[in-house]
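Peer 1: With the hints as a guide, bring the two chains together.
Chain by chain, the residues run as shown.
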Amino acid sequence: SAVISQKPSRDICQRGTSLTIQCQVDSQVTMMFWYRQQPGQSLTLIATANQGSEATYESGFVIDKFPISRPNLTFSTLTVSNMSPEDSSIYLCSVEDLNTEAFFGQGTRLTVV
Amino acid sequence: AQKITQTQPGMFVQEKEAVTLDCTYDTSDQSYGLFWYKQPSSGEMIFLIYQGSYDEQNATEGRYSLNFQKARKSANLVISASQLGDSAMYFCAMRGNTGFQKLVFGTGTRLLVSP
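Protein chains in written order, with my numbering: chain A, 1 to 113; chain B, 1001 to 1115.
Same shape as in the complex, but just chain B (with noise of 0.2 Å):
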């Protein structure tokens, strides 16, 4: 079984300063992705980035980039020079890689982004 613990209900942050979004994971499975994803309040779910259990480079896209420690298992979210649009819910999601398999999601993290 695959589980997604985000410890953190809410974080705050100014606007241009870095913040990082925390997520532990628990999989027996050897291969497997991390996601995460930004959900603001129109509900829509918007994919941020994914990492793979074998790739050797934590995965960048623009200004987020994964913090991934597999002897850890966690897959923190780092997000830099943050903008007021990054205020939102955010899931940190994993999958198995064999064959096609559910995603298995963490509680979430509300994000305020301040002036």
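Excised from the complex, chain A in its bound form (with noise of 0.2 Å):
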């Protein structure tokens, strides 16, 4: 199973700034998918990233608000922009093993304020 460290776990952020979120995996995978959970809510796909190319956002998700990177097969980032208080959420990351098991980090609890 993938060991996976996400940072920072949370953090309270000005409304108008940005955050970026890491997440880095002990083994080289080929996707890495970030989701969004807001509170009480379950969880919903943000956008899956290839490395060497862009990521592919879901519906109602834009590049400009979720820039990611995806430099290499073992790491990620995801920057959540121009933040508002609907953007308060969970954030995770998660890495599959094709047709078996999908592992997520830790989570990165943000606060909008």
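Simulated from the structure, these hints should not be mistaken for lab results. Some hints here could point you the wrong way.
A few chain B residues that face chain A, going by a derived Cβ cut-off under 10 Å, partial list only [what the hints assert, rightly or not]: (1) SER1042; (2) GLU1044; (3) MET1045; (4) PHE1091.
Here the structure is a predicted model, which means the values were calculated and not measured. By construction, the Cβ of each residue, glycine as well, lies at the ideal position given by its N, Cα and C atoms.
Peer 2: Below you can see the structure in the form of structure tokens.
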């Protein structure tokens, strides 16, 4: 199983600012996924990050708001840009073994004030 | 399109008893995977158990077992001998097994284990 380190674990940010979340995996993985979990809700996929190409965004999420980098096979970042209180959520990165388990980082609990 | 339904917003169980968390799914994929995750108040998503659609036997991992009934499209999680530390949110999820596909999650069930 993959070990995923995600940081920061939590942050409180001022509206209008940006926060970059990092996700480090202990092994090379093809695909990394970024999810958002709004308060009291389930998880929703933001985008899929493949090394060497632009991320693929789900409906309702755009690159200008959630830019993603994937510089190599063990690392990815998600930036939440120009934050508003509605962006207060838990953000989670995930990696998957093809046809088997999918693992998550510890999550980043973001509060925008 | 894939859909996961968890009809139990909350469940209560006494310590040392078994509990079943319900999950039904809908998909047109022939090959797919079903997952259960535990989310404590810290927010991390802890992988519990995985069942492939072509697996003939129900998956088991320690105190967790998945009651997979393919014809009924259900994938219920059974936790045996509940412990206080089992109190958490539990999410059922599924994913198509053709290439890399996203996980689709249910709305979750909050489990409370009482002494």
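Peer 1: Evaluate each hint against the coordinates.
Peer 2: Taking the hints in turn, this is what the structure says about them:
1. With 10 Å as the threshold, the beta carbon of SER1042 of chain B comes within range of chain A, its nearest partner Cβ sitting at about 8 Å, so the hint holds.
2. A cut of 10 Å between beta carbons decides the hint on GLU1044 of chain B: the least distance to chain A is about 5 Å, and the hint holds.
3. Interface hint status for MET1045 of chain B: upheld, as the beta-carbon distance to the closest one in chain A is roughly 4 Å, under 10 Å.
4. Hint status for PHE1091 of chain B: holds, given a least beta-carbon distance of 7 Å to chain A, under 10 Å.
The structure fails none of the hints (numbered hints given earlier).
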